[in-house]
Amino acid sequence: MNNKTILEFIWIGGVVIILAWAAIANASYIYSHQDNIANPVANDPSGTVINVTGYQWGWQFTYQNGTTTTDKLILFSNTTYTLIVTSKDVIHDLYIPKFGIQVYAVAGHPNQISFKPTSPGQYIMECVEYCGEYHYEMRGVVVVLP
Amino acid sequence: MSFSFQLAIFGSTLAVLFVMGFLLYFFAQDYRKKLLTGTQVSQSKTENNLMLSRMRREISLSAFILDDSKSIGIRYLITSLIFFFIGGLAGVGMRISLWFPNPTFLTPVQYNILLTEHGTLMLYGWASGSILGLGYYLLPSMLKIRRDSLGVVNSIMFWFFLLGGLLIIFSKSSATWYFYYPLTDQLTETGGGMFSFATLIGILFILTSLTISSVIFLKMIFLDRDENMGLSRLPLFAWSIVSTAILIISSAPISMIADGMVIYDLINPVFFTGSNGTALGYAIMFWFWGHPIVYVAVLPAFGLIYELLPKYVGKPVYSYSSGVIGLLLLLVFSATVWGHHLFNSGLGTVWDILFSTTSFIVVIPSAITVFNWIATLWSGRIRLTVPMMFIINAIVDFIIGGVTGVMQSDVGINELIHGTYWVTAHFHFILLGMTTGMAFAAIYVLYPTLSGGKMYNINMARAHFILTAAGTYVMTIPWALGGFLGMPRRVAGYFGIFQSYQDAAAIGGIILGLGQLIFLINFTYSMYSPTIHSNENILEEASL
Chain A
6 MNNKTILEFI
16 WIGGVVIILA
26 WAAIANASYI
36 YSHQDNIANP
46 VANDPSGTVI
56 NVTGYQWGWQ
66 FTYQNGTTTT
76 DKLILFSNTT
86 YTLIVTSKDV
96 IHDLYIPKFG
106 IQVYAVAGHP
116 NQISFKPTSP
126 GQYIMECVEY
136 CGEYHYEMRG
146 VVVVLP
Chain B
151 MSFSFQLAIF
161 GSTLAVLFVM
171 GFLLYFFAQD
181 YRKKLLTGTQ
191 VSQSKTENNL
201 MLSRMRREIS
211 LSAFILDDSK
221 SIGIRYLITS
231 LIFFFIGGLA
241 GVGMRISLWF
251 PNPTFLTPVQ
261 YNILLTEHGT
271 LMLYGWASGS
281 ILGLGYYLLP
291 SMLKIRRDSL
301 GVVNSIMFWF
311 FLLGGLLIIF
321 SKSSATWYFY
331 YPLTDQLTET
341 GGGMFSFATL
351 IGILFILTSL
361 TISSVIFLKM
371 IFLDRDENMG
381 LSRLPLFAWS
391 IVSTAILIIS
401 SAPISMIADG
411 MVIYDLINPV
421 FFTGSNGTAL
431 GYAIMFWFWG
441 HPIVYVAVLP
451 AFGLIYELLP
461 KYVGKPVYSY
471 SSGVIGLLLL
481 LVFSATVWGH
491 HLFNSGLGTV
501 WDILFSTTSF
511 IVVIPSAITV
521 FNWIATLWSG
531 RIRLTVPMMF
541 IINAIVDFII
551 GGVTGVMQSD
561 VGINELIHGT
571 YWVTAHFHFI
581 LLGMTTGMAF
591 AAIYVLYPTL
601 SGGKMYNINM
611 ARAHFILTAA
621 GTYVMTIPWA
631 LGGFLGMPRR
641 VAGYFGIFQS
651 YQDAAAIGGI
661 ILGLGQLIFL
671 INFTYSMYSP
681 TIHSNENILE
691 EASL
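So the sequence lines, in the order shown, correspond to chains A and B.
Its first residue numbered 6, the first sequence is counted upward by one per residue in this note's numbering.
Its first residue numbered 151, the second sequence is counted upward by one per residue in this note's numbering.
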């Protein structure tokens, strides 16, 4: 082996080590946070369940007591919530940047995702899967009450 | 029912266009025979019937009639450049329209049409077309091919490509280049566009042309090359075309099947509707091709860098064998990562772990390639010509684009940035810096040959480079920053808090557009300058 080959093995080895670390960290994150990533609906969702329906062009939230809101999600801080997200028509994607959660809304394929808001305030919420003319207006606010 | 009426009108227009195209083609054949009777070039596919020395290498109208490899390469280059300018105009229009949070310059429908045309034209028209053009133009000289390369088939495939591009432009679809299922089949202005199925037919034409051209590329490389050129002496550009061609042949048909199913579902919805969320079925089939196409767009650019770097550094490529290994590993690994586009769609934990791990693995061959370039740059003295500036910028942009890209394979981070402008920034770094930059570098290198001995204006070329590079950064860095804060992509309007990012990106987009105008002026104006150069260039001979 000449110097050239040794140098190549060094840089390939370095890259492999960094990526192996990243891949293992990622896989362990997925295992420990299965509730916090989008998954098909399971039987026992944790916390308070809110049903979400995406349609062209808006979001409808149905709470456990039967009340509904449109384009406005009202939550209490320090409570665990599970959103069950589905769609009436085309594929949508509910995204709340503050909580780092994102879940596709697909007709006939309800997904669930859990999260726990901690700080009260008003945050943005939007659809990030292109869904037609007024895709950009398919957005709203998340209000976290203390 | 209005839908079937439109379908009838559109179908018959399509049929007429098709028949007219073929009639035109066969008339052109007659004319071509007349052109060729003077010389002793026969039409049979026997050996030596299209000697390299007989091929016309300049841009001329007869390139659209003759069907040797060089003429077909020129056709593709010119057509894809035209598609690039149409798509670029759409892009600049979108940027200007996004100056204010509420749409002013364009209505949402117009914005969505431009969005779709920008995406489809740039990927299928410009990236794919320029690859085909450079492949047809460079491979015969690099491999010293002395045989006919199925010229008539190539020619028909070019007209398919052109027809596909025209269908994309004129059918005004607004379903974006994904054509996700339930939206594409909403044939209204507010949904997928009145004629979005015609765009799908256009894409089918282009994919057919890509697939068959890939088969021909493989034939050229493995069967037709000079018998004294062993596999271990194949130019790296040819290796990159091998990877690209196999990637296209193995994944494009899946997307073609999915497109056909979507068109069928218009009339009789069976494939992607149902009670079990089969709308995601189209997305899965689409991304099986949708991710390989971005590697299809960059791999030939890798090959061009490998060919051009030694010429401007004065030393051979640092390691030929690791270059080949990198390109072939990219072919294998890049075909396994497509599922990372659907992390948040609820396909399960196993899906997420599998595709995020493969997405990390695919970085290894990319890193091997990048280190190989850096070592080559290190080992020699750099001559900073205009193509070399594009090469260095391509490497820098590819590193930034790669780092911003691999971050998305982490599922936790992906939840935060999927569907935001971060993604747009990532792939514009790669597609602008690498694909477009290297296509321009190749065009500048080939310019004396393409123009028959003319030379481009170097100062204007430098200005083109500076505006392109600066415009890329000014446009994409605000996108990346805004995207990390949650600025959604593909929107005609946005929350007011993101206005500063969008305005900065709009300025970058305008800079970028001005740079391309300088290129256009330089390219056409220099054609009429006096002949000062021999029509040799350094790219057409093999590097080894």
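One thing to keep in mind: the hints can contain errors.
Using 27 Å as the maximum straight-line C-alpha spacing, the simulated DSSO-like pairs for lysine-lysine come out as follows [to be verified]:
{"id": "1", "chain 1": "B", "residue 1": "LYS461", "chain 2": "B", "residue 2": "LYS322"}
{"id": "2", "chain 1": "B", "residue 1": "LYS369", "chain 2": "B", "residue 2": "LYS294"}
{"id": "3", "chain 1": "B", "residue 1": "LYS294", "chain 2": "B", "residue 2": "LYS465"}
{"id": "4", "chain 1": "A", "residue 1": "LYS93", "chain 2": "A", "residue 2": "LYS77"}
{"id": "5", "chain 1": "B", "residue 1": "LYS322", "chain 2": "A", "residue 2": "LYS93"}
{"id": "6", "chain 1": "B", "residue 1": "LYS461", "chain 2": "A", "residue 2": "LYS9"}
{"id": "7", "chain 1": "A", "residue 1": "LYS77", "chain 2": "A", "residue 2": "LYS121"}
{"id": "8", "chain 1": "A", "residue 1": "LYS9", "chain 2": "B", "residue 2": "LYS465"}
{"id": "9", "chain 1": "A", "residue 1": "LYS103", "chain 2": "A", "residue 2": "LYS77"}
Since the hints were derived computationally from the structure, they do not count as laboratory data.
Computed from a predicted structure; not experimentally measured.
Hints, verified against the model:
no.	hint	result
1	LYS461(B) - LYS322(B)	44 Å, violated
2	LYS369(B) - LYS294(B)	14 Å, holds
3	LYS294(B) - LYS465(B)	23 Å, holds
4	LYS93(A) - LYS77(A)	18 Å, holds
5	LYS322(B) - LYS93(A)	26 Å, holds
6	LYS461(B) - LYS9(A)	21 Å, holds
7	LYS77(A) - LYS121(A)	17 Å, holds
8	LYS9(A) - LYS465(B)	14 Å, holds
9	LYS103(A) - LYS77(A)	15 Å, holds
The structure is inconsistent with hint 1 alone, although it conforms to all the rest.
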